[in-house]
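Peer 1: Residue numbers (our numbering), protein chains in the order written: chain G, 409 to 697; chain Z, 203 to 560.
Worth flagging that the hints you see were computed from the coordinates, not collected in a lab.
Treat the numbers as computed from the prediction; the structure is a model and nothing was measured.
For glycine and all other residues, C-beta sits at the position ideal for the given N, C-alpha and C.
A hint or two may mislead.
[What the hints assert, rightly or not] Partner residues aside, some chain G positions facing chain Z, computed with beta carbon under 7 Å:
1) GLN532
2) LYS601
3) LEU652
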Amino acid sequence: MARAPKRWRTPSPHWLFLVPALALLTAILLVPLVNSVYRSVGRSDFTLEHYATLFTDGVTLKVLLRTATTAAMVTLIAFLLGYPYAYVMTRVGPRLRGILLVIVLIPFWTSVMARNFAWIVILQRNGPVHSFLKLFGLDVVLYGSVAGVTVAMSQVLLPFMVLPLFSALSGIDRRLLLAARGLGSHPLKAFWKVYWPLSRGGVVAGLILVFTLSLGFYVTPALLGTPKESLVAQLLGQRTTQLLDFAGAGALGFLVLVITLVLVAWANRFGGTISAIGVVAASRTKDRT
Amino acid sequence: MVSRTARTVTAVSATVILSLLATACGSDEPPAQSDPDGPVSLTFVAYGGAGQQAMIDKWQTPYTAAHPNVTFVNTSPPDVAQVKAQVESGQVEWDVVATSPAAAAQNCGTLFEPLDFPGLDTKELVEQAVGKCYIANFINATPFAYRTDAFPDPSKAPRTIADFFDVARFPGQRGILTNLQNGILEYPLLADGVAPDKLYPLDMDRALKKLDSIRKVTTFAPNVGALQQAVGAKQVDLFLAPDSRLVPLMDSGTDVTVVWDVTVTSINAFAVPKGSRNVKAATSFVASVVSPEATAGIAEALGVAPVNLGAKPNLSANAKKVEVYGPVNTGKTVLQDVDWYATNFNEATTKVTNWLAG
C-alpha cells in the first residue's frame, strides 16, 4: 500500500489506460465505419449516387420516417412509465427500492430471444392481449404490427430510461422543495419550477439513450413486426444480406448515424448535457463519501 | 517519465491494432490449394438446426467414412454477404455453402468458384440440377395448404390456387413467405390465370397487383421459422409453406391439408466460395450429395424432395402427404427458373420489398 500512491504521484500518463479501449474501438468500430463510409461514396471513384438513391427510391424515406416515429413513440412511452417509477424509487426504503430495481432490470437479465418470443405469445391472434381487446369489441392483433413492436420495445428499453432518471432524481435535494412550499408555492408549481429543472439532465440522458437505441433495433422488429411495416434495421439487413449492396447499405447506415448524432447534439444544447449520466453517477459517489 | 508498464501497454496495443489492420486488408494472391489427398478440413455452412444436423448425418458422416482424410467444421448461417466479405478481404474461410442456385449463378466467377464435375452421372437428376457454379442438394416444394380445422367441411374447402386469392369465398388469414424461393411471385400469376409453362419471364407488376387483393388478410413471414410458428399457433389459416416445415407441423399435431393444384418447387444448392483453399475436396464432396442414396437420405430426414429421380426414399406417413414427386400430387408442378432469377434477382427483391414496405 505504501508504494502505490507514490507511483501514482509521478507525472503518470493516465491516458494510457485508454489505450486498450481505444485500440478495441479502433479495430472493431472506427476501421469498419470508415471503410463502410468510404465504400458508400464509391471508394476512389467518388460518387454520391448511393445517397441520392436513398431519397429517390420511394421506400427508404418512408421507412426512415416510420422508424423515427416508432422510436419517438417508444421513447415517449418509456418516459411516461419511467419518470413516475424512478420518482417512487427515490421515495421508498432501501429494500423496496432494491425490489423495484430488480423488476426494472429483469429484461436485462433475460435472453433477448426468450423475451421476444414471450411477446409473440402475448400479442398474437387469440393471445391474452387480443382476447382482452376483443372484450371491448376491438379485433386488433398487435403481433405483426408496428404497434406491437412499439409495446415490446418500450418494455425492453425501459431500464435505459429508469436508471439515468433514478440517478438524477435521487441526487435532487428535497429540501429545495420544502423551501419552495415554505415560501408559499403550490406543490405542482414547486415541482415544475424546482424539481423538474433539476431532473432535466437525467430526462435528456434517458430520452437520448432510448431514442438512439430504438433507431437501431433489429431483433424485436424482425420477430414481432412485419415486412409490411419494416423498420430501418430490417431494410439495412436486407440490403446487405440479400442484395449484397454494401455501398447502399453503408450510405443508409451512415445517414442514420448522422441523424442520430444531429439529434444528440441538438438534445445536448436543449437539455444540458449528454454526460448527465456520468455527472449524476459522479455526484452519487460523492454523496456516499 | 513514462513507466515501463505504460510503454509495454502502448507497444502491445500498437501490435494488436497493426495485426488487426493487416488481417482486415488481406492479400490479392490466389490461395494455395490444399492437397485433396492429404488431411482436409472443409468448413461447411448451412442454415443450422435440424436441417444442418440431417446434412451432417446423411452427407458428411458417410463422406468422411469413405474419405477418412476429409473432416468437416460446421457453421451457420450461410449469408452470401459473408461470402462477399470473405472474398473481398481475401480471407476465405468457407468451403461449402448452402445457397439458392440463383445467388450462385448471379455471382458465378466473382463470389463462387466455377465447378467441374467430370464423370458425374446427371441422367437421373432433375433439370437445372447442375449449374456452372452450383450443384443442387434437394428440392423444396412450397405447396398451397390450409389448416384442416379452418375448413372442416371438405365440400366448402379451397381446391385451387385461385381460391387462395379469393377472400370473399374463403375468408381467413393467409401466410406467405417473403423469400423469392417460395413462390411469392409465381402463385399470384398462377392464380391470375397464367399457364404454368408460360410463367417465365415473370410479370412482376401483375403478380404484385394480384397480391394487393389479399394484402390486408396476409401475414408476410420473413423466414420459414416465423411461418411455421404462425401455422402452429393458428395465426394463419391458408398458407404457402415449404414441405420440410409442413412435416414437423403435422408431426406435432397440426392437421394440415395440402391443395394439389399447381405447386411451385425450387432447387436448393451448394456452392464453393471463390478463393476457397479446398476447391477440389469441396467439389468432390458436393458431387456426392446427388447420389440416389444421399438424396433419399435427406428426403427421409427433412421431408424435402430428392434431386435424383432414381432416389427411393422411405418416407414417413406425414412426409408422404407432402411428397411433391409422389402419387399424392395430383396437380401440376413448376420448378423455379434459376436463370431468370439469376438475371432478375436484385430487381425482383427490390420490387417485392418496396411493395411490402409501401
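Peer 1: Each hint needs a verdict: does it hold in this structure or not?
Peer 2: Right, here's what the structure says about each hint:
1. GLN532: holds, 6 Å
2. LYS601: Violated, because the Cβ-Cβ distance from G:LYS601 to chain Z comes to roughly 46 Å (cut-off 7 Å).
3. LEU652: Check passed: Cβ of G:LEU652 comes within 5 Å of chain Z, closer than 7 Å.
Hint violations for this structure: number 2 only, all remaining hints satisfied.
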